[in-house]
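Protein chains in written order, with this note's numbering: chain R, 0 to 786; chain W, 265 to 491; chain Z, 1129 to 1576.
Keep in mind the hints are simulated off the structure, nothing from the lab.
This structure is a prediction, so every number in the text was calculated from the model and none was measured.
Ideal Cβ placement from N, Cα and C applies to all residues, glycine included.
Check before you lean on any hint, since a few could be wrong.
Stretches of chain W that chain Z covers, calculated by requiring three or more beta carbons in the stretch to come under 8 Å of a beta carbon on chain Z [to be verified]:
no.	segment
1	308-317
2	374-383
3	390-398
4	414-427
5	469-480
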Amino acid sequence: MSPSRRDFLWTMGAAAATVALKGTQDVFWSSEELADPGWAPGIEDRRNSACLICPSRCGIRSRQVDGRLVRIDGNPLHPLSRGGLCPRGVAGVQMLYHPERLDAPLVRNGPRGSGQWERVTREQAIARIAERLGGLREAGRPEALALLAGYSAGTMQDLWRQFLASFGSPNYVADEYDDGTEAVMALMHGIPRRPSYDLDRARLVLSFGAPLFESWWSPLQAFVAFANPDDEGDGGPRYIQVDTRFSRTAARTHEWVGVRPGTHAVLALGIAYVLIRDELFDAGFVARHVAGFEDFVDEQGQPREGYRSLVMRNYRTEEVSAITGVPVARITALARAIAANRPAVAVCGTDVTLAPNGLLAGLAVHSINVLMGSVNRPGGVLFGEDAPITALGSPVLDEIARQGVSRQPIGVSPSPFASGGQALRFAEIVARSEAPVDTLLLYYANPIASSTHPSVWRETLDKIPFLVSFSPFLDETSEYADVILPDLLPYERWQDAPAPVSYPYPVWGVARPLVEPHEGATHTGDAVLALARSLGGSLAESLPYESFEGLLEERAKGLYAVRRGMTLGGHFERTHHRQMEERGWWLPEHTGFEAFWEELVERGGWTDLFYDHTDPHRLARTDSGRIELMPAALLRVLDQAESVGALYLDIESEATGERPEDHELRLLPYRVSTLASGTLALERWLAEQPGIFPDVLWHPWIEVAPETAGTLGLGDGTDVWVVSPRGRYRARLKVSPGTAPETACAPYGLRHPDGQIANPLQLLDGSSDPLTGLPSWSSTFIRLERA
Amino acid sequence: MARWGMVIDLDRCTGCAACEVACKSENNIAPVSAGEADMGRATSWMKVMAQVEGEFPDTTMHFYPRPCMHCDNPPCIRVCPVQATYINDEGVVGQIYSRCIGCRYCANACPYMVKYFNWYGPEWAQSERNHLNPDVSVRPAGVIEKCTFCHHRLQKAREDARAEERELREEDYQPACADICPTGAIVFGDLDDPSHRVYSLKEDPRALRIMEDLGTQPKVYYLRPRE
Amino acid sequence: MRQSVKEKLARMSTDEQILLRPLVETSRGFYVVTALLAAITLWGMIAYYLQVTYGLGRTGLNRPEYWGIYIICFVFFIGISHAGTLISAILRVSKAEWRRSITRSAELITVLVIGFGAIQPIIDLGRPDRVLNVLLHAQLRSPLLWDVTSIGLYFISCTIYLYIPMLPDLAIIRDSGIKSPRLYRFLAAGYRDTPAQRARLERVIGVLSIIVIPIAVSVHTVIGWIFAMTLRPMWHSTIFGPYFVMGAIYSGIAAILVAMVVLRRAFGLQQYFKDIHFDYLGRLLLLFSLLWFYFTFAEYLTAFYGGEPGEMRAFWSKLTGPFAIPFWTMVLGCFIIPLSLMSRRSMRTPRGTLIAGIAVMIGMWLERFNIVVPTSVNPRWEIESIGRYLPSWVELSIMAATFSGFILLYMLATKFIPIVSIWEIKEGREHSVREVADRVAEYLPENA
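Please model the entire structure based on the sequences and the hints provided.
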């Protein structure tokens, strides 16, 4: 072997080794790289606060290390969540430190949608907005300002309303998720408030399509009652889920009653039939507190059938069984279970109310509570109240404002029992140029992604010259904005967090900054106050607060003064307080407001766990003072409009509109977990277990029965187009044995890994309940095509 | 000597996956991209498994939250050629990340499939590194990782108890999954200590262990659903 | 070829002339094939560089498919390695005289293929930089460690077993002066072929042939145990040790046959690899195809008869499920083709054995595949979802490079050592004919 050859080999070998070693270095980085030089054990801190991600507003307890938020746990003092938390709450750290958050206010620099932005300071951005708003008031058209707001119950909502009123705009447009139960309660009880459910003390919870364990008002409320942590015995109420879709709730409640799509309310009345036939209902309660049960004579002097006759004539179990697909014996058993496990409460869910005859169906479902006397009683439907915080006071109105607020708000529903859907009507009216809107403020609303009609919203946004977004992320709607003033993220900001109405007791949680707020972001509350200051006049007078934090403290004075309730406390304290109040006792525990406020913030909020079951105002506020099974106002409307339907008769959700021949699957959209409207699903951890299927992750999916998949010749995991006459979107097929034949269950609120939205709502046929104006979610038919 | 174990009540579990996310947050588990997830490379020390039976409308579904079973007779530690996986005196099965050579023999030997491999190094954006838990090391590419029963929490709890001159109590040491569970389905404690809830729960007639017949003696018990 | 070398060669015996010619004469085709193989090997090295740089994520491996192409190749190559040593040792011990011309080529396969087999698990490691932990933190209960020990021992003993019987040939080359004298003086290590040296040599070879057999058996037994010691369906089987050994010998014979056909053609060795050799090896192949069927049938019947759900999932996924194609191709390659060809005398020719040999090699590779993959993707707990495995180009490139690297080194080796043992042929001519005659005479009754 010649020396040269040997040299060559050596060189090659050495080169290969060097390259390999270098590669090794690149890949085998480890914790050393992550740790800062000179790393030392950090200083730890734990604080109670509130989760602001969904309406449930659970209590959280943070863990900070050296000022970084490393973990979110549940706050055990919070009466609703009691130390538990859902995965979205835990994953909040990934939202806080999301790499795509906006780090400065932006002003658009090119045509809309071009993505050209100029970074400006907070003051510049606020000045820019103030200039535009000032111009509107100067021109005497303050009503050309509108706000589109997602769920923001509490002081933020009050602040916005105060701002708009003193500005002179009537256009607070709620882009919230509405379940239509408010109208049901208003009609039957004369109380326009969504019902609260005393799940903790019920012995049986009969849910009609309410997604208790996934996207209800508060899944944690349902979880806590389900697990019954305070009970030493064998557990909480028996949960029965009446649901077409094999949801997480259907899967994990004690019993699932699979009904044909749109027949929940028919089953409810089938149960009512058995309750009446076998005299299992609470006859005493009905006799004392209920009107319309027996046949009666109406205002015009016409004799009318009452509830009993209607049900007994139309809902014999055999017929109900034929319609719902639930065996007769099962219907009877359900009725007997309700009678045997009192207090039993029926929960009315969106699968019932988001239908072409949702209001009538909702009334039918709630009638079970009335029959069983499960109203205003422990373990039944309650009418809770909001926390008695200090009101903001009446807005000061100058002449311009007075004129402005006297105008008709844009998009108010023409429906007699309006409940929701204002945002879409607003969009349609503006898109048709019927109401000139100059400036639209977007607060936790992203209609391009969440709406049933994204294309209408695009037109709408084109018609509005000036758009301001307060989104911390550059979402689809914010891309149209002229100015983006990114809000602080949760965990950086002060905000009150009232428990949702579904919880019977007032809870006023307080979220406070857990980490140093981001420099480039601005608390929208502070921004509103700054705008008011800068606009001056009546606005400044109506909102004389230095900061949002100061405003919250001001509002808490109402709690201090009210002489009831407690700052959040553990099981013992909760029980102690409740028992004291039940006996009419309350003792002041604080030396002054300062100490009270300090403790309130320290513990994460205030609550009052006493509910007065003897208060007749919490049973019915109708003219008759009774619960109206046959509400006169509704009967009037139904008599006039023949096509709408009849009370307790037309309660099955039929397919409406055009149904093309080959569209054979009924689309059942559902929300995977509680997504406040318009927010993004940002947390990568959540993408790894979005639904109930361990092997479905990251990609939006659509569930069909094995039989359906077989007929279509599509296997599990195939990419498909979901097609309706209105459009199509892409999803991955999931063969799920629990899915009803001829239906396709489509999760709503998901995105493809590339950020594309997969929104089944944009396929909906556009039908709605003429009585409430709520869209119908379950009357659309689709077909699937291989993508 | 304590013998740490877990009892999971399948009747209480709603499959919400809070335990999964809590575990990922506590233990700095890096999410993977969608493409990697499609290949089956997502890591979840705690994974909510689902068992479905029957077709509409008689379907039943049970969720099995699955951490490492921390077997008393773990098949994984016997096969490891370098003693990178071990069982300690208190029955916790651990992994030495700095010694593991990444042969994945233990992953194959584990009948419960709870050993996860780092196909790539973890990917965290610079901002995301803020939420990493300083108590748990980040695993490099090429090694196996697994559930540790949040062992770092035990060390902390011990120090705290010692500082306060008292015995370690049940509530002092709870892994992240048991801590967060909104329905209290996951109960954790010392299987040999009669004052701990798991002591009696494991004797419940409903108690079962997965693949008990393999003789691995898992320390994670499940309470069978009542029919 | 230089004139001086040609003259030197011309002075040698016919055997020497034929067998040493490849050492000094290289055809154009040889260069082309070498370049091609080198290119493939380089390509595979680049693929491995990428794998080391970015992580094992570059492969198609996943959870639960933790082991894939690399481990399949590992088992396959170590299996092939039984070609040489075991066969040549058994033939030597049993004094099978027809072995003389085939031992060298077989032993060479062994040594090279162990090397290429043994690096497969290292390629498969997540942390190849820590491979020495196997020695530093050895955990003796791990079958992987048994394997390291066993393969290490096997590699060393096979190298010695290749080298010692090569000494007389190296001395011949040294003395002939046709190759670099310095290299061969070093390699021949002072061997002069004196009667004393020759006697000592034969004694050492005799001892080695006996030692090497149990080591070889242990190697593949332990590889089988790597799988069998886990609790996985269709791995946890007592038959795996002997099953793997049998399969290893089977694929080894096939490999020798293929190599012999190629060598015979390339170097014109028709006089050394005669039809009788192919006939005998063909019979051996036939025997092993029957053995293979016996073992496989026993293995699958046991799994099937028990009907344990975990086992059945893996079982049906092979017979009728997603792995039906590799499974039935394996049956074709390992059983039907070799059985139907080798059971006929007319097919036990170089051509027939080549076809059967290639079929068996493919079949045996698939057998390894059918052991590793279907079990991996079918976890024992039924609620776990079924896995999928699609090897990435990185894995396939590294596999191609392994094959090409092996062939390349084998080809290069033929340029340095005679691929048929010259002295053993010579010894056969000079002594064994008479020795065998004597031996046979000894078997016979003496009252003739």
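Within 8 Å of chain Z (C-beta), three or more residues of the segment 374-383 of chain W: holds (count 7)
Whether chain Z covers the segment 414-427 of chain W (at least 3 residues having a Cβ closer than 8 Å to its Cβ atoms): violated (count 0)
Coverage assertion for the segment 308-317 of chain W with respect to chain Z, Cβ distance below 8 Å, three residues required: With 3 residues close enough to chain Z, the hint holds.
Check of the segment 469-480 of chain W against chain Z for coverage (Cβ-Cβ below 8 Å, three residues minimum): Our answer is that it holds, as 4 residues pass the Cβ test (under 8 Å) against chain Z, meeting three.
Within 8 Å of chain Z's CB atoms, at least three CB atoms from the segment 390-398 of chain W: coverage verdict: violated (count 0)
Violated hints, listed in ascending order, are 3, 4; each of the other numbered hints is respected by the structure.
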